[in-house]
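Number of protein chains: 2
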Amino acid sequence: MRDHFELTSHDGAGRCGTFSVPRAGVTVETPALLPVVNPHVQTLPPAELESTFGAQILITNSYIIHGSDDIREPIREQGLHEFLDFSGAIMTDSGSFQLAEYGEISVTTEEILSFQHEIGSDIGTPVDIPTPPDVSYEQAREELDTTQERLELAETIDTGEMLVSAPIQGSTHPSLRTEAATHARNTTLDMFPIGAVVPLLNEYRYADIVDLVAAVKDGLGQSGPVHLFGAGHPMMFALAAALGCDLFDSAAYALYARDDRYLTVRGTRQLDDLTEFPCSCEVCTTHSPAELRAMDDTTRQDLLARHNLAVSFAELRRIRQAIRAGRLLELVETRIRGHPTLVDGFRSFLDHDEWLEATDPVAKDTFFYLSAESASRPEVTRHHERLARLETPDDLLLTAGNPSESFTESWRLVPPFGPVPRPLSDVYPLTAELPDRLDREAYEAAARGVTRLVETHPDTAVTVYHDDWPAEALSLLPDRITVARLGETETDESEPTHSYSTAPDNDQ
Amino acid sequence: MRDHFELTSHDGAGRCGTFSVPRAGVTVETPALLPVVNPHVQTLPPAELESTFGAQILITNSYIIHGSDDIREPIREQGLHEFLDFSGAIMTDSGSFQLAEYGEISVTTEEILSFQHEIGSDIGTPVDIPTPPDVSYEQAREELDTTQERLELAETIDTGEMLVSAPIQGSTHPSLRTEAATHARNTTLDMFPIGAVVPLLNEYRYADIVDLVAAVKDGLGQSGPVHLFGAGHPMMFALAAALGCDLFDSAAYALYARDDRYLTVRGTRQLDDLTEFPCSCEVCTTHSPAELRAMDDTTRQDLLARHNLAVSFAELRRIRQAIRAGRLLELVETRIRGHPTLVDGFRSFLDHDEWLEATDPVAKDTFFYLSAESASRPEVTRHHERLARLETPDDLLLTAGNPSESFTESWRLVPPFGPVPRPLSDVYPLTAELPDRLDREAYEAAARGVTRLVETHPDTAVTVYHDDWPAEALSLLPDRITVARLGETETDESEPTHSYSTAPDNDQ
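For the record, the sequence lines run as chains A and B.
With numbering that gives the first Met the number 0, you'll find the first sequence wraps up at 507, consecutive numbering, no jumps.
With numbering that gives the first Met the number 0, you'll find the second sequence wraps up at 507, consecutive numbering, no jumps.
In short, the hints are calculated from the structure, not lab data.
Hints should not be assumed to be uniformly reliable.
Since the list gives no way to pick one copy over another, a pair counts as held whenever it fits inside one copy or between any two copies.
As the list claims (entries may be wrong) - Below, in silico cross-link-like pairs of lysine to aspartate or glutamate (EDC-like), each with a Cα-Cα straight-line distance of 20 Å or less: (1) Lys-363 to Glu-275; (2) Lys-363 to Glu-432; (3) Lys-363 to Glu-137; (4) Lys-363 to Asp-258.
I would like the entire structure built from these sequences, with the hints used as guidance.
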């Protein structure tokens, strides 16, 4: 549908792709980070963003340029690329942010799109209405109508090779976000910024952000690229990427540097609180925090901005690498331990499991069981769905121990998946690596798997030999099956002549 | 006791300190990493370890030097510092590793300690017996006797200003490790390598390692520095530091580089599997994996070793920074999500909670509740212990809602801590940040807190108004208290005239 965006690999709903920006003649590897460049004050020269940090795309604000007498004409004359000295793709914002901040702006969508085209922008933006979180449905609905009119207007404007974004609004009403996304997808516009999430980001409302992004993706399907507009903190890139966000933009690298704030993938630190730099970037290996504190403001801010960008770009590389390797959720499990609100975000994320697993590749790297949350991963749900479709014999043993010849078939009983036919044992995700000491959630998920199998195979007599499952998991098993603990099966009436070893299978 | 080692800050059992090495005139900041330098083949020049990576101490092998005709005399003449071109502290190993590998070596403790002194080592090592894991108690006992004889012999040898280490053995028998540690502490020797853990590290047996280190620390008390001998992978430094390990040594940086293995704090990657480098170090920001693959072996190994060291030293800075800030367990919660076996290690770690909290400072940075494991953190146990010592009124309400005047006092009811007198609400760890969606473990820990209070205050009538706790937590509450759900307390006979809001306190 949008042939400038091609998906190259998936991991859950997360994906790597290539975003071809025709006017720039540039292909951007996604997920990607767009450093925000202020046309007046360039914290770091855009040429260095490209050469030192590998930025393939940046974003600047056409509304500021439009309103600034000192730079408007030079930029109109030279074009943005020459003015900024940047050969990658340049996206321009429209003034919507200023509209949200100041309530009014002096340009129309028609004017600003033409202006963006005129100054050489590669991706333009209409003037959408960034409805803040928590407003009434009616206000969000009404403002969304205006945004949608602007998008439809934008479709009609001739902007040559310049791509045009279709911002998606709807405040904190998921149904409106889904509707807005469906509408945007049905325009001829080219990329999808999810708007007005900055207030949610500022308040660490990651669970709400997850629900909104999921609602948007629900409307967009696989269309893209999807831009989480205003998201610039590396602590949340992995979670957002796992939802299928393709683009992030960072003003944070410069804004935080101005306040002596130091970004890490585990949160923000104040320069004053640091005795040593917990990072391997060039700034952090050649300076101490005390040295930075002794510097003049400009030098210190320059160095902090460099660190902030280095850590952000490294995280994007790490995310792309994790997606390619099928290890994105393992990375997310690490990252969410940066802040309790990210844990909330991940728990919301896992609520969307059926949707998340739709694009998940069937085979990936080894599944790592890393926390109680791992029991709710989409791979577990998918295995339970698969159980419904498997053929079963009349008489089936599910056992944590060795097979028994007293049953027609013996399947393995493996938390968090539940029943596992032996031929599937070598197939992802059933090759999972688990801690020896499992949490209840793993056993409970396995019990749900057993229940799913039993419910979908009413003619099969199922027997479960478990290895001392917790009571909570046992209570989830259906009544009509035979359940015994390994080692106590000798005295079990249904199976009086056999004993079972608790030794693990060697092939596990 | 050992005045060359001074502790500067604590976080749980983790600690920052300064290790003064008199012969080198150098003070090492701990936790510290000792790169292993092969006296024959220096993967990276020691001078660069110092200037580029900030190494304050390294380790090399005196047994190899002793047996190598080509370098023994030059080193004897110039001294180790000049030969290696390194001005930091130099520790020398004795050949115990070779003894473990080949079953026999040709030097005695007396000879090798004298030789180490002669070549200018700053920290020497006797010839201990590195008993492997899983051997019988008898074998471990017998070999430990030999090690202990060697340590006692080492005490009698005049080695001038050179410090001498007291390796601690005992295989996988915690009682022997504790005994060995107590013996070592009572010698006059200066530092404490925990020996023969490499086979456990190679098999990812982190739960066993945790139990052994805990057993050793039990015998050593606050003595140190403690060296986890052979631990060189940054994925486990944080967990080991949280147990109170002060020194690590890395041969991994070079050995892994030789096999095209790339270290990360989340595990090892094969160079062949990488499309992009997930790191911000100089090597990873100026090269791509494809470029490295195309290089000759020497150049590639040099660059990989540089990355491996950069990520290892950055992790040590991060750990020291986390200890100073009182955030070490938050870092550990992140790191253990690198591998299921590290989760096992952390669960074993939390079993040692009473011991861990002995040295924990009372006030730290905010407690982050990041997983079900957080409910078992030592701070929670300590709060429960404190509850036993608090004065209570005759009639006490513990409530997740607002205070009630129908009771003599109303305390807050806060998972995972349980009862919290309002004046303590602003005190660490009760200022904890929690996810909105808590796991059962948080409520169950709170219920254990209630139980502790009730058991230690038999004359207090306790009423609990909870905000919809899970059944598992409610079932842990003692029978003899009144329990009601907020919002259902209007019909509660014990409190018929009041209603309670479920709105959170503003001061939380």
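Checked against the structure, which of the hints given earlier come out wrong? 3 and 4
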